[in-house]
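Peer 1: Just so you know, the sequences run in chain order B and U.
Sequential numbering from 1 applies to the first sequence in my numbering.
Sequential numbering from 121 applies to the second sequence in my numbering.
For the record, the hints were derived by calculation from the structure and aren't laboratory data.
This structure is a prediction, so every number in the text was calculated from the model and none was measured.
Please note that a few of the clues may not be correct.
[As the list claims (entries may be wrong)] Result set (DSBU-like, lysine-lysine): computed pairs, CA atoms no more than 35 Å apart in a straight line:
hint : chain 1 : residue 1 : chain 2 : residue 2
1    : B       : Lys109    : B       : Lys77
2    : B       : Lys4      : U       : Lys145
3    : U       : Lys150    : B       : Lys4
4    : U       : Lys122    : U       : Lys145
5    : B       : Lys61     : U       : Lys145
6    : B       : Lys56     : U       : Lys218
7    : B       : Lys109    : B       : Lys51
[Stated by the list, open to error] Chain B regions said to be covered by chain U (calculated; three or more residues, Cβ under 8 Å):
hint : segment
8    : 1-10
9    : 16-28
10   : 92-106
In this text, a Cβ means the ideal position worked out from N, Cα and C, and glycines have one as well.
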Amino acid sequence: MTTKQFMFVNRKAPYGTIYAWESLEVVLIAAAFEQDVSMAFLDDGVFQLKKGHQTKGIEVKAFEKTFGALEDYDVTKIYVDQESLTERGLTTDDLALPVEVFSRAELGKLMEAQDVVLSF
Amino acid sequence: MKFSILVNEGPYTHQASDTAYQFTKAVLAKGHEVFRVFFYHDGVNNATRLTTPPQDDRNIVNRWSKLAEEHNLDMVVCVAAAQRRGIVDEGEMKRNGKDATNLAAGFRISGLGQLVEAGIQSDRLVVFGD
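Pulled out of the complex, with its shape left as it was, chain B reads as follows (with noise of 0.2 Å):
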């Protein structure tokens, strides 16, 4: 099978909307097929990497766990914005994950050489 450049670009706030959870089940799902699969987080998408994700209090599943299953599928580039970060008050140490930190232009770079980029 032919395997791609694929980035899955994360930029809204892992619950109060679904975009979060169904592009994880995408990126999942493209691993699956071995393609060649990378996450970025901009905006308010850095929220989704933060660690001690409590939603009980909102009924909503909590999916920080299937962060944790990404490497199992052997997708381990994750990229995030600094910008963003620290337009938040984040550093990477409120992370779960070992991410790869970028500037918003260096990550305008990594998008420009892929293959497919999708959005949610």
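Fit chain U to the known structure of chain B by using the hints.
Peer 2: Same frame as chain B, now just chain U:
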């Protein structure tokens, strides 16, 4: 060029489905190939044949069905997203013990693998949504 289209928003609330439809039509008019139109997130709501918009408004669902018929389009609705939102065909009705179906003509329900395949097979995968 070979295109695939991803529609991530439902009809009427959001313009994404309208724009995706117009884009798909334009792509076909220019003589390009459309490998697949995939409906995800609330985009699956474009596939219910039970919508009844006012008569002086566009019928987004019927418009998709007609385009599919004219151009033999492969229009695929994500099964997981459809199950969450109550988009049901004969097979899903039986499998999940429901009492009705509502999938419009020209659509079929299948897995997310179809979206990934569209990304692999197409020169361009164009995403419509927020």
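Peer 1: Each hint needs a verdict: does it hold in this structure or not?
Peer 2: Hint check results:
1. Lys109/B - Lys77/B: At roughly 15 Å apart (the allowed maximum being 35 Å), Lys77/B and Lys109/B satisfy the hint.
2. Lys4/B - Lys145/U: 27 Å, holds
3. Lys150/U - Lys4/B: The hint holds at about 26 Å.
4. Lys122/U - Lys145/U: 14 Å, holds
5. Lys61/B - Lys145/U: 39 Å, violated
6. Lys56/B - Lys218/U: Holds, because 29 Å separates the two Cα atoms, which is no more than 35 Å.
7. Lys109/B - Lys51/B: Distance of about 28 Å is within 35 Å: holds.
8. 1-10: The restraint on the segment 1-10 of chain B holds, since 4 of its residues have a Cβ under 8 Å from chain U and three suffice.
9. 16-28: Check passed, 5 qualifying residues.
10. 92-106: violated (count 0)
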